[in-house]
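**Student:** Here is what each chain is made of, one letter per residue.
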Amino acid sequence: MKQRSLLLWLYALLVVGLPLAGLFNAFLYSVGLVGPLSVGFTPRYWQQLPGETSLLTSLGFSLYVAVVSVGLAVILALVLVLRYQTTLRHWPFPTLLYVPLLFPSLVMAFYLFQLLGGSGWLARMAYQLHLIQSPAGFPELIQDGAGLGILLAQVGLAFPFFTLLFQSLYADARLDELRNLTRTLGASSWQFNRRVAAPILLRRAAPTLVLYGVAVLGAYDIPLLLGRNYPQMLSLYITTKLQRFDLTELPMGYLVGFLVTLVLMAVIYATTRWTQRHAL
Amino acid sequence: MFTMNLVRVILFLSLLCTACSTNEQRDPATVLNQSWDQIDERGRNQPVVLLMWLGDPYINDYMNKYVKPTVKERFGIDLQISGGQGAQIVQTLVAEREAGQPSQIDMVWINGETFYQLRQIDGLLGPVTDRMPNARYVDFSNPFIGVDFQQPVNGMEVPWGNVQLAFIYDSQRISQPPRSFAELPAYIKAHPGQFTIPNEFTGMTVLKSWMIALSGDPKLFQGKFREDVYEKWSGEVFRQINELKPYFWKRGETFPEQLSTLHQLFANGEVAFTFSNNDAEVDNKVNLGFFPKTARAYVPAPGTIQNTHYMGIIRTGQHPEAAMVVANFLMSPEAQLKKMDPNVWGDHTVLAINKLPADYQTKFNNLPTRRYAPKRDLIQGLAFQEPAPEYMVRLYKDFRTKVIENNK
Amino acid sequence: MPSNQSTLDEVVRANPDTKSRAGLPGSMPRSGLAWGLLLLFSLPFVLLLLLALGQYWRFPDVLPPTYALDALTRVLSADSALASGLLLSLLIATVVAIVSTAGGFVVARAIAGATRPDRWVTLSYLPYALPPVLLAVLIQPYFIRLHLSGSLVGVVLGLLLITIPFAALFFRSFWGEQARQYEQLSRTLGCTQVQAFRRVLLPLARPLLITCLFQTFLIAWFDFGLTNYLSVGKVQTLTVQVFIYVGEANSRLAAVASLLLLIPPVLLLWLNRKAIVRRVV
Numbered sequence: 001m002k003q004r005s006l007l008l009w010l011y012a013l014l015v016v017g018l019p020l021a022g023l024f025n026a027f028l029y030s031v032g033l034v035g036p037l038s039v040g041f042t043p044r045y046w047q048q049l050p051g052e053t054s055l056l057t058s059l060g061f062s063l064y065v066a067v068v069s070v071g072l073a074v075i076l077a078l079v080l081v082l083r084y085q086t087t088l089r090h091w092p093f094p095t096l097l098y099v100p101l102l103f104p105s106l107v108m109a110f111y112l113f114q115l116l117g118g119s120g121w122l123a124r125m126a127y128q129l130h131l132i133q134s135p136a137g138f139p140e141l142i143q144d145g146a147g148l149g150i151l152l153a154q155v156g157l158a159f160p161f162f163t164l165l166f167q168s169l170y171a172d173a174r175l176d177e178l179r180n181l182t183r184t185l186g187a188s189s190w191q192f193n194r195r196v197a198a199p200i201l202l203r204r205a206a207p208t209l210v211l212y213g214v215a216v217l218g219a220y221d222i223p224l225l226l227g228r229n230y231p232q233m234l235s236l237y238i239t240t241k242l243q244r245f246d247l248t249e250l251p252m253g254y255l256v257g258f259l260v261t262l263v264l265m266a267v268i269y270a271t272t273r274w275t276q277r278h279a280l
Numbered sequence: 001m002f003t004m005n006l007v008r009v010i011l012f013l014s015l016l017c018t019a020c021s022t023n024e025q026r027d028p029a030t031v032l033n034q035s036w037d038q039i040d041e042r043g044r045n046q047p048v049v050l051l052m053w054l055g056d057p058y059i060n061d062y063m064n065k066y067v068k069p070t071v072k073e074r075f076g077i078d079l080q081i082s083g084g085q086g087a088q089i090v091q092t093l094v095a096e097r098e099a100g101q102p103s104q105i106d107m108v109w110i111n112g113e114t115f116y117q118l119r120q121i122d123g124l125l126g127p128v129t130d131r132m133p134n135a136r137y138v139d140f141s142n143p144f145i146g147v148d149f150q151q152p153v154n155g156m157e158v159p160w161g162n163v164q165l166a167f168i169y170d171s172q173r174i175s176q177p178p179r180s181f182a183e184l185p186a187y188i189k190a191h192p193g194q195f196t197i198p199n200e201f202t203g204m205t206v207l208k209s210w211m212i213a214l215s216g217d218p219k220l221f222q223g224k225f226r227e228d229v230y231e232k233w234s235g236e237v238f239r240q241i242n243e244l245k246p247y248f249w250k251r252g253e254t255f256p257e258q259l260s261t262l263h264q265l266f267a268n269g270e271v272a273f274t275f276s277n278n279d280a281e282v283d284n285k286v287n288l289g290f291f292p293k294t295a296r297a298y299v300p301a302p303g304t305i306q307n308t309h310y311m312g313i314i315r316t317g318q319h320p321e322a323a324m325v326v327a328n329f330l331m332s333p334e335a336q337l338k339k340m341d342p343n344v345w346g347d348h349t350v351l352a353i354n355k356l357p358a359d360y361q362t363k364f365n366n367l368p369t370r371r372y373a374p375k376r377d378l379i380q381g382l383a384f385q386e387p388a389p390e391y392m393v394r395l396y397k398d399f400r401t402k403v404i405e406n407n408k
Numbered sequence: 001m002p003s004n005q006s007t008l009d010e011v012v013r014a015n016p017d018t019k020s021r022a023g024l025p026g027s028m029p030r031s032g033l034a035w036g037l038l039l040l041f042s043l044p045f046v047l048l049l050l051l052a053l054g055q056y057w058r059f060p061d062v063l064p065p066t067y068a069l070d071a072l073t074r075v076l077s078a079d080s081a082l083a084s085g086l087l088l089s090l091l092i093a094t095v096v097a098i099v100s101t102a103g104g105f106v107v108a109r110a111i112a113g114a115t116r117p118d119r120w121v122t123l124s125y126l127p128y129a130l131p132p133v134l135l136a137v138l139i140q141p142y143f144i145r146l147h148l149s150g151s152l153v154g155v156v157l158g159l160l161l162i163t164i165p166f167a168a169l170f171f172r173s174f175w176g177e178q179a180r181q182y183e184q185l186s187r188t189l190g191c192t193q194v195q196a197f198r199r200v201l202l203p204l205a206r207p208l209l210i211t212c213l214f215q216t217f218l219i220a221w222f223d224f225g226l227t228n229y230l231s232v233g234k235v236q237t238l239t240v241q242v243f244i245y246v247g248e249a250n251s252r253l254a255a256v257a258s259l260l261l262l263i264p265p266v267l268l269l270w271l272n273r274k275a276i277v278r279r280v281v
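Residue numbers (my numbering), protein chains in the order written: chain A, 1 to 280; chain B, 1 to 408; chain C, 1 to 281.
Because the hints were derived from the structure by calculation, they are not lab data. Here the structure is a predicted model, which means the values were calculated and not measured. Even glycine gets a Cβ: it sits at the ideal position worked out from N, Cα and C. Treat each hint with caution, since some may be false.
Which chain A residues face chain B? A few, computed with CB under 8 Å, are given here [claimed, not checked]: (1) Val34; (2) Leu225; (3) Asp246.
Starting from the given sequences, assemble the full structure and let the hints guide the process.
**Tutor:** Structure representation (structure tokens):
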């Protein structure tokens, strides 16, 4: 038992200690106590925070991307799992669905850039079919105002994963047996899917889905290549401040990073607690 | 049992990492007080960690296939090249200093704004060039070399190459590109959707050049940062750009975030122009089969910014002598000649040709010419000095707030 | 994006149900769906290959006017750095996979036996709250103080920060009632603790262990941000080298580099599926 708790404390030191220490460091930066140009404690950056209107835009946009892309991917995956249950068990699906998991997001972003851009592969095909006359005639699918390109990339990466996830939960919860049971009781397939299967799957997958959403929220490569410079997603917003040439922007970058991390930690905490309490 | 093993492994690992980093911090004054012979002797058979931008295959080849083996063979120096630039270098140095540790970095490839930041945090060792034998071929009185972003270099960084901002266009699609900044607005209006400015270093250099061109007086931008000059002429540039926005690529609703993105748009044929901080880059991109063979580079009147890039020696580095030996080699006529060949890299030399030994003068004068880039002597009259770094910092910020986020 | 893979634990259980079988003759919509997905997922490989091989390829040509192997040979022969990067990647990913799988396995056991397992589960999720870009920047000062900056050990530790909690969460479901009963049963039957571990629990967990190794291997394999930042650019894994190409250079080299990054995990996937199927048969 002693060994066990020692191990757990070591573990805590690693997974909680380091990130919290890092967070503490970010806080010190944000009040001017450390950093290349630090001159001692100052509340200045915190006071300037309300003036950072683009931060709100950035936060809103990131939330929108996370919610919509996870939402779309979930719907797609649910449709696949519930409507094509038997198909999915056969070749080539089990292997096929793993393929997108092997794509680093940067490669995915680069690929979509070359595929969907105004002079991309699809646009070239459209030109050969006399659908457009010039790159400008092709619909804006990337670097567009609605973040379509980012959404497409995220959904493309997420839906196969969610499909595999739901597929395993489906088997785990013995939904097939349940389906037969409800069918004998006279429920339609649609009723079963909507009232029974979907809620069970969603509830069980909830922590995973939330975590995935958090990852999308903090994504960097995909919005860098496929998004616009305004509105920016959070990671880009923070890195712009941290890694560009203006050292005076550093404290604000750390401040935003600090706050964003706190909020995400709270979100994760709330969801894991929620699912633990409502565990099925 | 498993637990104990794990604990042992962790303890062992932590022992290992404290044991293997017996780093030593060198006293800058002692390093600099040595004669070149002493520096040369101490520098031999040491590793040198160089942080640089690794985005160009030609540059990487020059470093990996030529510089690395040569310094290994001649000085026994193991040159380790890593990716990193700008603020990342500064942050790492600051974190190392706060921890009271010597740096993992010995040498960095920098230009003006990083130089400015490194000077702010006192990160560079120097003056170093007065120790280096090959510095005698460099004309430090040339303001394009002796002054970096309006800051006197004073031996704190070692000149490596000299480049000038160029516009790149496809001569097959465009018969008459705008020959000056004054012609640019009319041109953009006449050819909508084909022009944009990248929101990064090169793009900011375009804006600076545009600003100086509009003012008609490059002297205004020499010396220290002047708020009034900046306000007036940046305002003028932003006014023109905002007016032209509907005619920009994607109606000016977004701008490429990286130069590589703009290069790809150009290579794909989506936009008609791209830019390069290196006037000779177009040659190597065509040779790579990336840009069309009809791509050409030119410098619009009244000129663009010319600047020098440098090697900085890190003050808290662990192998300052070895770094100085490498920097001196990079400045040698031999290494500079190789680098200037457009088939190798095409980076213009920082050496004053007339100061060189006669045989090297001939070699430099007989280098293969650039095929797609403008001749150096043609654009020398069209060169502006880099203004103070604050211009760049401010343009960055204001380009975002006054142009990108300005959606009327 | 570590969290992308971070939550595959549930998926594992999909494998017994979804193992490869000979395809039944499908009706139309079935094969339509299959073809659709096949097309969707193979398109990237086709386009990347065309980009890598095609020269001077621009709008409106649907196919490149000329082809050449030069970009491929340039990347492959740039110098031996790519080969050493490959070895380095393999080394780091293997060490991380083994350490984090073993560590996660025992940590999950400790968590299951703790008084408040829920808390520990929640804690395990916390490292994922930081966007990876930020995580590296924030923990760097501590790595410097611990003399870990710029070293291989530092990179491995940084990666473990992500993979150990991943593995711990992964094995959470394994250490349920059943596993504990098995352990107790074997102890009452006279096994020592080591024997119980080696003879009973490890074989029981074998398929999970393999999948966890695969997952953590991939996380380490794909990592760019942490590795590059914590090593001050010194530890140049294959991924670090490839990301530099993709991020900065031109699209031809980027395409070659992307393919290079994709092929090893595709091979691994193929091997891994076999490993997983084997336990069911």
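**Student:** Which numbered hints turn out to be false for this structure?
**Tutor:** Per hint list: zero violations.
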